[in-house]
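Enquirer: Residue numbers (this note's numbering), protein chains in the order written: chain A, 1 to 637; chain B, 638 to 747.
Since the hints were derived computationally from the structure, they do not count as laboratory data. Some clues are possibly wrong.
Unchecked claim - Chain B residues, not near chain A, derived (Cβ > 10 angstroms throughout):
hint	residue
1	T649
2	N679
3	I714
4	E719
5	V720
Stated by the list, open to error - Derived CB-CB ranges, DEER-like:
hint	chain 1	residue 1	chain 2	residue 2	range
6	B	I665	A	L620	34 to 42 angstroms
7	A	L619	B	L724	39 to 47 angstroms
8	B	L646	A	L619	21 to 29 angstroms
Cβ coordinates follow ideal geometry from the N, Cα and C atoms, glycine included.
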Amino acid sequence: MNNVLQIVWLIPFLPLLGFLITGLFRNNLSKGASGFIASAAIFGSFALSLFVFFLVKAGNTHVAHYFNLLKIESLTVPFEFKIDQLSTLFLLIITGVGFLIHVYSTSYMHDEDSKDFSKYFSYLNLFVFSMLLLVMGGNYVIMFFGWEGVGLCSYLLIGYWFKNNDYTNAAKKAFIMNRIGDLGFLLGLFWLISIIGTVSYDEVFSAASLAKLSTTDITGITLLFFIGACGKSAQIPLYTWLPDAMAGPTPVSALIHAATMVTAGIYMIARSNVLYTMAPATQNVVAIIGLTTAIVAATIAIKQNDIKKVLAYSTVSQLGYMFLGLGVGAYTGAVFHVMTHAFFKALLFLGAGSVIHAMGGEQDMRNMGGLKKYMSITNMTFLLGCIAISGMPPFSGFFSKDEILAGAFAKSPLLWGIGVVGAMMTAFYMFRLYAMTFLGKFRGTHEQEHHLHESPKAITFPLIILAILAVVGGWVGIPEIFMHGGHKLEAFLEPVFTQSNAIAVKHEISHNTEFLIMGISVILSLLSLLFGLKIFSNYKYENEAPATGIARVLENKWYVDEIYDKIITQPLKSLAAFFDNVVEKKGIDGLVNGTGKFVNYGSRQLRWLQSGQVGAYILLMVIGMLLLFIIQLFIKN
Amino acid sequence: MDIKAYIALSLTLFTIGIVGVLTRRNAIIVFMCVEVMLNAVNLLLVAFSNMHAASTAAKALPTFASDAQIFVFFIMIVAAAEVSVGLSIIVMLYRNTHSIDVNFLNRLKN
């Protein structure tokens with residue numbers, strides 16, 4: 001118990017403290033003060049995370065047990081934090097990227113009232129707290145607390161500008177979609193508890209517990225957990241909330257809807273890797289859903305014109321890749337992609353935020369163009385981010401995406417083939433985005449052109465840091481074929497996945513094949529990158545004909561929202577109308593009013609008996625007595 | 638004497654009482670009819686008591702036969718009390734309405 005890692009409770013505690021201070025004193029704190037407190041809290045967590053990281057790297061993993069959260073008969077749920085390689089890596093991503101985004105926000109949100117400014121930072125701190133709880137929790141219940149907490153913060157921050165009705169609707173949509181997933185997670189959790197009777201990771205993944213699970217149990221539990229992951233990580237069929245979540249402030253999109261919260265599902269599956277490896281059926285489902293999402297979202301991204309919407313669909317698509325990685329058993333690859341994606345997608349979102357800031361709130365790329373001239377730092381960092389996400393060597397996206405694709409190839413060349421098509425589309429739409437925004441001629445109004453400027457330091461500083469990370473972040477995972485022992489991340493994460501590596505069926509691919517598939521995907525991506533650049537670098541708004549055929553379908557996002565509306569929302573509304581008009585108004589009201597009417601009518605009739613005539617009363621009495629006599633006569637004999 | 642004769646007499650008196658109560662409107666006559674019914678029952682009680690006096694049960698338990706006879710006295714006393722109350726009600730009725738017609742007593746209606 002004297003392990004120095006026992007103090008890890010400080011890591012989530014600091015953001016919680018920051019949340020309480022900025023939240024409770026929001027009326028009194030100046031903008032500078034609340035921004036500083038919130039950022040300092042996250043920086044403190046980041047420093048502690050670094051400290052913890054080095055301890056863990058030295059081989060010191062620890063389950064910090066604090067107290068028992070609840071105890072019901074044989075089920076004990078302790079409040080504990082599990083500090084191992086996986087959670088430490090996530091800690092660094094969350095606090096590191098989180099800190100940069102806090103710094104960025106101090107400048108980006110500067111136009112808000114100081115009260116709203118504090119509110120924003122308190123939400124942001126609460127989010128980081130919940131996210132830390134999620135990844136540090138030593139059992140599924142603590143994870144679920146964090147899971148719900150990030151869902152709540154996501155709702156609050158999407159609806160931050162709650163006076164706009166569309167934004168509140170987007171927030172509600174995100175919350176409800178997440179709740180559907182959460183229900184799956186919760187059911188899976190109950191199932192797990194009912195069979196194993198414990199929730200702590202170490203106990204659940206012990207051989208004794210795993211032996212209790214039948215194939216049906218394990219497939220069911222993992223599928224239900226996957227539904228939870230679908231909700232949180234925006235996979236088909238629950239992905240539609242993420243593009244709408246772009247209603248929130250741009251730094252929020254970067255932090256919650258690109259770098260951290262949406263990776264919660266991947267963290268959860270990576271954490272439960274043993275269970276998933278034991279359920280090949282679920283793994284196939286995960287891989288197929290992931291790949292489908294990656295492709296569908298990429299096709300939609302090609303035809304979007306809102307800069308944040310493109311990035312949102314790109315996020316959905318990249319998350320699909322991560323699930324593909326998880327599904328084919330390339331857990332390290334998936335976690336690696338979480339890391340690199342956090343860098344370059346946060347960078348892209350923050351860059352987009354910088355552009356939107358300069359354009360005075362304009363988000364439509366058709367009205368941008370030629371911004372390269374005005375915003376050199378944003379342009380440079382954004383370009384690096386685009387190259388990274390397109391998977392060009394030696395940028396970070398190349399290594400992580402390639403590892404996932406290699407894993408997919410080992411499982412089935414078909415998965416790999418489709419994955420490469422997705423990667424090509426990624427390169428295409430990212431450079432369409434880049435070209436439409438930064439190249440060509442400016443297409444906005446004169447007023448906007450006059451207003452164009454490079455963003456202040458608080459915005460460019462995080463961009464530069466993230467750009468560096470987006471370039472070099474992949475170098476911790478250089479594949480074996482380039483450099484022996486180059487995959488430091490795999491070596492680091494190895495203890496987490498030992499158990500599943502022992503069970504998993506290994507598909508080794510030769511080094512030549514690996515070179516070949518790597519080469520094919522890079523060349524194809526490069527071609528589509530150049531193609532995208534060529535078409536859109538001289539984009540003109542005027543000569544665009546209205547979209548027809550498949551382009552129109554893509555522009556309308558495969559009509560998924562409309563289909564959901566038709567098959568779920570409308571029938572539910574009709575059902576509600578039926579219950580309202582028929583069951584409620586006719587049935588229940590009829591019953592209640594009917595009782596009243598019957599009593600009213602009945603008493604009106606019975607009133608005639610009370611004639612006031614003494615003779616009549618006595619007559620009735622005599623008749624009654626006679627009746628009683630007769631009845632008694634019959635009963636007796 | 639045969640018990641049947643007493644029962645017949647008692648039934649006759651009781652029926653006269655019921656018919657009287659049901660048909661007459663004069664409160665005093667109604668009241669008298671009630672008394673007739675009461676005494677019809679009394680008569681029956683005494684007759685049955687006498688009949689049982691000769692039975693074996695009465696020989697084993699001496700108070701068995703005399704209980705009913707004592708009951709009758711109680712009933713008479715209660716009836717006397719009731720008569721005084723009833724008559725005073727009728728007097729009050731007459732004072733208030735100047736009538737002793739029971740059908741006139743429907744003022745509480747409506």
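Enquirer: Next step is simple, just say for each hint if it's right about the structure.
Expert: Going down the list of hints, with the structure as the test:
For B:T649, the non-interface assignment is confirmed: its Cβ lies about 16 angstroms from the closest Cβ of chain A, beyond the 10 angstroms cut-off. The beta carbon of B:N679 sits about 19 angstroms from the closest Cβ of chain A, which is more than 10 angstroms, so the claim that it is off the interface holds. Distance to chain A confirms B:I714 as a non-interface residue, since its nearest Cβ pair spans about 25 angstroms, more than 10 angstroms. The non-interface label for B:E719 is consistent with chain A: the shortest C-beta to C-beta separation is roughly 16 angstroms, beyond 10 angstroms.
Listed as a non-interface residue, B:V720 keeps its Cβ farther than 10 angstroms from every Cβ of chain A; the least gap is roughly 18 angstroms. Between B:I665 and A:L620 the beta carbon distance is about 23 angstroms. The supplied range of 34 to 42 angstroms is therefore violated. For A:L619 paired with B:L724, a C-beta distance near 24 angstroms fails the hint of 39 to 47 angstroms. A hinted range of 21 to 29 angstroms holds for the C-beta pair B:L646 and A:L619, which are about 25 angstroms apart.
When each numbered hint is compared with the structure, violations occur for hints 6 and 7.
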